[in-house]
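Could you build the full structure based on these sequences and the hints that come with them?
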Amino acid sequence: MLGHIEEFDISKPKEWTAYASRLIFFLEANNVTDPAKRRAVLLSSCGGAVFNLIQALISPASPNEKSFDEILFVLEEHFSPQPSEIAKRNAFYKRNQKIGESISDFVADLRRLAQGCNFSDLEIMLRDRLVIGLREEELQLRLFSRKNLTFESALEEALSAEAAAQHT
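Residue numbers (numbering that gives the first Met the number 0): 0 to 167.
Note that these hints are calculated values from the structure, not bench results.
Take the hints with a grain of salt, since some may be wrong.
[What the hints assert, rightly or not] Taking lysine to any residue pairs in the SDA-like style, the calculated list, with each CA pair at most 20 Å apart, reads:
(1) 65 / 55
(2) 65 / 33
(3) 13 / 93
(4) 93 / 136
(5) 13 / 77
(6) 87 / 117
(7) 93 / 113
(8) 36 / 68
(9) 146 / 156
(10) 97 / 164
(11) 93 / 110
The model shown is predicted, which means the values in this text are computed figures rather than measured ones.
Printed below as a string of structure tokens:
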């Protein structure tokens with residue numbers, strides 16, 4: 000086999016996703032495509048603590064009864080649980096433009112935070128959070144007064160105001 004995949008350090012759960020990615024690259028580099036062999040490489044290289052954890056997480060089944068993908072999924076859920084929708088929405092709702100942060104960077108982070116929020120109308124939520132979260136109060140008040148304000152028009156006006164302020 001090409002290379003070596005080290006044991007996963009169970010005391011660093013935040014590193015699981017990177018470890019799983021490296022494991023998949025290791026399997027690809029070594030042309031390990033057979034599902035049973037992929038599972039065997041995972042189970043034999045993950046380390047004793049992770050192997051015991053796998054057994055506990057899938058009990059009463061045994062590791063040889065689960066596929067490689069099923070085992071990876073169980074470990075991902077254990078080490079990197081996804082925050083609930085309401086927790087993700089909370090982070091989105093609390094986000095305001097930071098001191099010195101550009102409108103573009105603020106909007107990019109709003110888009111990132113909106114992932115997993117399952118908003119029924121993302122454009123309205125982005126518009127509202129953009130306008131409400133702006134640092135510049137004068138611009139914010141101007142946008143509040145606009146009828147039929149869309150996210151795109153709010154963003155365009157905010158970017159124009161930012162550009163004008165930088166050139167004065």
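Outcome of the hint check:
| no. | hint | in the structure |
| --- | --- | --- |
| 1 | 65 / 55 | 13 Å, holds |
| 2 | 65 / 33 | 14 Å, holds |
| 3 | 13 / 93 | 24 Å, violated |
| 4 | 93 / 136 | 17 Å, holds |
| 5 | 13 / 77 | 10 Å, holds |
| 6 | 87 / 117 | 10 Å, holds |
| 7 | 93 / 113 | 12 Å, holds |
| 8 | 36 / 68 | 12 Å, holds |
| 9 | 146 / 156 | 14 Å, holds |
| 10 | 97 / 164 | 17 Å, holds |
| 11 | 93 / 110 | 14 Å, holds |
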